[in-house]
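J.: In case you want the letters, here they are:
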Amino acid sequence: MVNEIPSLIAQPAPETRKSPFMEAMRRLLHHRSAQVGLIILGFLILVAIFAGVIAPFNPIKPLTGVVRRSPPCIHILGCPASQPQHIMGIDSNNRDFFSRVIYGSRLSLIIGIVTVSGAILIGAVIGAVAGFMGGWLDTSMMRVMDVFLAFPGLLLALAIVAALGPGLVNALIAIGLVSIPVYARIVRASVLSTKDMEYVQASRALGASNGHLLFSRVLPNAFTPLMVRATLGIAVVILDAAALSFLGLGAEKPTPEWGLMLGEERNSVFNAPHLVFFPGIAIMITVLAFNLIGDGLRDALDPRLSQPGS
Amino acid sequence: MLQFIARRLILVIPVLIGILFVTFVMTRSVKADPCFVMLGERATQEKCDDFKKRYGLDQPIIIQFIKYMGNMARGDFGTSIRYSRPVVDIIAERVPMTFELAMFAMLFATIAGVILGVISALRRNSAADVVTMVGANIGVSMPVFWLGLMLAYVFALLLKNTPLYIPPSGRLSSGIDLPQLAAYWHLQNLSGAGKFFIDLLSHSVIFTSIVTGNFRATRDALWHLILPAIAVGTIPLAVIARMTRSSLLEVMNQDYVRTAKAKGLPNRMVVFKHAMRNAWIPIVTIIGLETGALLAGAVLTETVFALPGVGTQLISSILARDYPVVQGFVVVIAIIFVTVNLLVDLSYAYLDPRIRLE
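Quick mapping for you: the protein sequence lines, in order, are chains A and B. The numbering of the first sequence is the working numbering, which starts it at 406 and goes up by one. The numbering of the second sequence is the working numbering, which starts it at 7 and goes up by one.
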């Protein structure tokens, strides 16, 4: 809301000032941890898009003539050229583990982005209605949100999966439901802080409809905090989805989902540790990328929040 | 102060009832019928109706909920469909394990997190600061269960024949047994709350081993807790370290700290007496907020380390659709979570007198 005013004042001399968006992007690209995060994410997106090209084998179909749970065989690291190369070894079901890890990137990115988008959409509607309408509607909606917030997210998701039954879609619905309140609160807060501002009232005086006021005047202010939360939220969703799959309540066999792969192979940890090592590293790198970008976004989009020295 | 506590307690009640209601409605509006799960796919309709009647599942949900609340107020959490045992007994068996794990994890996370955070803030942009902050970023990005598996691999396999070996699973080494406290204290004929309380204490391995003087068992139990506690504590540790750093950095820039420095106080006094006093408030908040992550982490970690706690029971009950048990544990988790948040609020009042006087 505060950044709105300088941009209006600056209108007569546009050539000396960049738009707030471009300014924020410039800050983001100069932010060290965001740079690292963006590079990792770009790499992951490429891997996900070209999974079919990168993965040497089918991620689901078992191979014949391979030794179950055999360790990685990499030619440049001394594996005899007569053997086929398996960069991450063979899993308990005779599948090429590398191919499974590669395909897993697709699923994890989709899980994170789709779930968070859904949660934001619903959360934004709830928050906007509550903040814009006020009164008993606001109070009752926010009390329900408080109840959701008062319980640890993953455990509430567990309880919801218990009700819906195991499965990847149900797990994502559960995780999405649990993350709605955060977005609803953000949108409500920014609606409340802007709806009585002079520029909104000016718009209203000019005869703008409620919908126009909400979508063109009020909601754009929620964009900044939403972007930050959403990026960090994707990280949480990917971790939680992996956790539910690990427990056997999410993705089902033989889906190449990293959490499920960890769950399937957890008893191999002592005799084939590579089967546990790689999916975990993959989850960690993906989550790390979103966390780093989220931190960078927070510093870039809202300089007031940026911490000294970060 | 008392009034403050009372007001906070009253505010907690609707939240608790809300959580209960949400999970109650959800666990009961399932597609898969519990009766088929429990009696088998070929159960006749008649048997099913009989089953539902016995467990009160044929009544409207709101009636079921009110009955449940009434029973709960009297300490009756229902009967497990799968084990045909009171849910309260299962809770008494499982909660102490998770409590011990969470306590040690939080202790580890808080001590290590605050120390690392203070070092980072005081030596800003030094190697120690950079390593701590990069480590914190990696720490919050790791799946807890994966960290647990990796720790088990390193300490139980790679370091197998060294003094650093730590067992990867279980609560106690085989061959170490502890008596039931009820029998030890000749209190077998207790019932109700007394029995529940003794059961709780009895299943706390650390407590029982200390009061019965079996210190070998205490040592063994702590030894088994090391790896799970590190796994559960890592995420909170990373978050606490980051919060301590930024909170202390902010306070260090304030005028009163400069005054303290200017009047020649030793650096140690400035940091710990003046700066930390105010820096604590956000740190305590984050410790409270992390309790949720901690409980969730404990649930996941128990399954990795085969520990007989709330988590392992909750997962197996979910898979078996044993609602009374699931519901019972949801209540327990909600109560723990809400209590911790209450304690956090109370500690604000202690740390910042303005909050008390509001």
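Mixed in with the good hints, there may be bad ones.
Pairwise CB distance ranges (calculated) [as the list claims (entries may be wrong)]:
| hint | chain 1 | residue 1 | chain 2 | residue 2 | range |
| --- | --- | --- | --- | --- | --- |
| 1 | A | K658 | B | V160 | 27 to 33 Å |
| 2 | B | I69 | A | R473 | 50 to 56 Å |
| 3 | B | L178 | A | L434 | 36 to 42 Å |
| 4 | B | P20 | A | G539 | 17 to 23 Å |
| 5 | B | I16 | A | F620 | 35 to 41 Å |
| 6 | B | I68 | A | P625 | 38 to 44 Å |
These are calculated hints, taken from the structure and not from any lab test. Yeah, the Cβ is synthetic: ideal placement off N, Cα and C, and Gly gets one too.
J.: State for each hint whether it applies.
T.: Quick rundown of the hints versus the structure:
In this structure the supplied range 27 to 33 Å holds for K658 of chain A paired with V160 of chain B, their Cβ-Cβ distance being about 28 Å. Checked against the hint of 50 to 56 Å, the C-beta distance between I69 of chain B and R473 of chain A comes to roughly 54 Å, which is consistent with it. A beta carbon spacing of about 55 Å between L178 of chain B and L434 of chain A contradicts the range 36 to 42 Å that was offered as a hint. Our hint of 17 to 23 Å for P20 of chain B and G539 of chain A holds, since their Cβ atoms are close to 21 Å apart.
Taken as a hint, the range 35 to 41 Å holds for the pair I16 of chain B and F620 of chain A, whose Cβ atoms sit roughly 40 Å apart. Taking the beta carbon of each, I68 of chain B and P625 of chain A are about 42 Å apart, inside 38 to 44 Å as hinted.
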